[in-house]
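Participant: Sequence:
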Amino acid sequence: MAANRGGAGVAAAIEAGDVGAKVTLIEQADTLGGTAAISGGGCLIVGTPLQESQGIHDTPDLAFEDWVRWGQGAADEQWARFYIEHSLHDLYFWAEQRGAKWIDMKFQEGNRVHRWHRPENNGLGLMTALINAMKSKGATRILTGTEADKTLTQNGRVGGVKATNVKNGETTEIHSKTLIVATGGFNSNLDMVLEARPEFKAFKVMEG
0 MAANRGGAGV AAAIEAGDVG AKVTLIEQAD TLGGTAAISG GGCLIVGTPL
50 QESQGIHDTP DLAFEDWVRW GQGAADEQWA RFYIEHSLHD LYFWAEQRGA
100 KWIDMKFQEG NRVHRWHRPE NNGLGLMTAL INAMKSKGAT RILTGTEADK
150 TLTQNGRVGG VKATNVKNGE TTEIHSKTLI VATGGFNSNL DMVLEARPEF
200 KAFKVMEG
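Just so we're aligned: the sequence shown equals residues 0 to 207 in numbering that gives the first Met the number 0.
Honestly, the hints are just simulated from the structure, not real lab data. Be a bit skeptical, because a hint or two may be false.
Restraint-style ranges between C-beta atoms, simulated for each label pair [what the hints assert, rightly or not]:
1. Thr177 to Trp78: 20 to 26 Å
2. Gln77 to Val18: 23 to 29 Å
3. Lys136 to Glu172: 35 to 41 Å
The structure presented is a predicted model; accordingly, all values stated were derived computationally and were not measured. C-beta atoms are modelled at their ideal positions from N, C-alpha and C, and glycine is treated no differently.
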């Protein structure tokens, strides 16, 4: 079971479905897509066919240098290296295989080369492709208009959630072997970012 219908929740549902799991996706809103669907959809990706087609030479080492330099001491270098080295296969090709199309790039502050990739129809196009891929598996039960109120535990282990229909107030218990909570994205809210990481007040912060 995955709670949230944004990029993280849909990706988790796809991955779980790919290995044969039966998935329930819970979302408080009436539609799927989350913040990702109304975003520009741009992603930093390194060493792509799109870069190559435009004569742009890019490497993980070059991207890592840019990332750390722009972060001015605030960058999580272990995470930066992991993300950069996995961006081509785990983001670019992964999304393409599920119907997304990367159509162009733009310059993004802190990068010496164009590596900020934009999907067709921006974030809406990216999420539409991923949601369609998720639904095509036939392994996902989607509950929109449903709020996950609390986790259910047994013998110290989480085994599902108590959920409420936001329109009629009806409650239900949904049991599962695994629970993925994908509701934590708040990097579009600078106040919340600085509340969680107050030391970032001393650095440049790219939000969104």
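Participant: With reference to the structure, classify each hint as holding or not holding.
Facilitator: Status of the hints after comparison with the structure:
Against the hinted window of 20 to 26 Å, the Cβ-Cβ separation of Thr177 and Trp78 comes to about 24 Å, which satisfies the hint. The hinted window of 23 to 29 Å between Gln77 and Val18 holds, with their beta carbons roughly 27 Å apart. Restraint check, Lys136 to Glu172: a C-beta distance of roughly 25 Å breaks the suggested window 35 to 41 Å.
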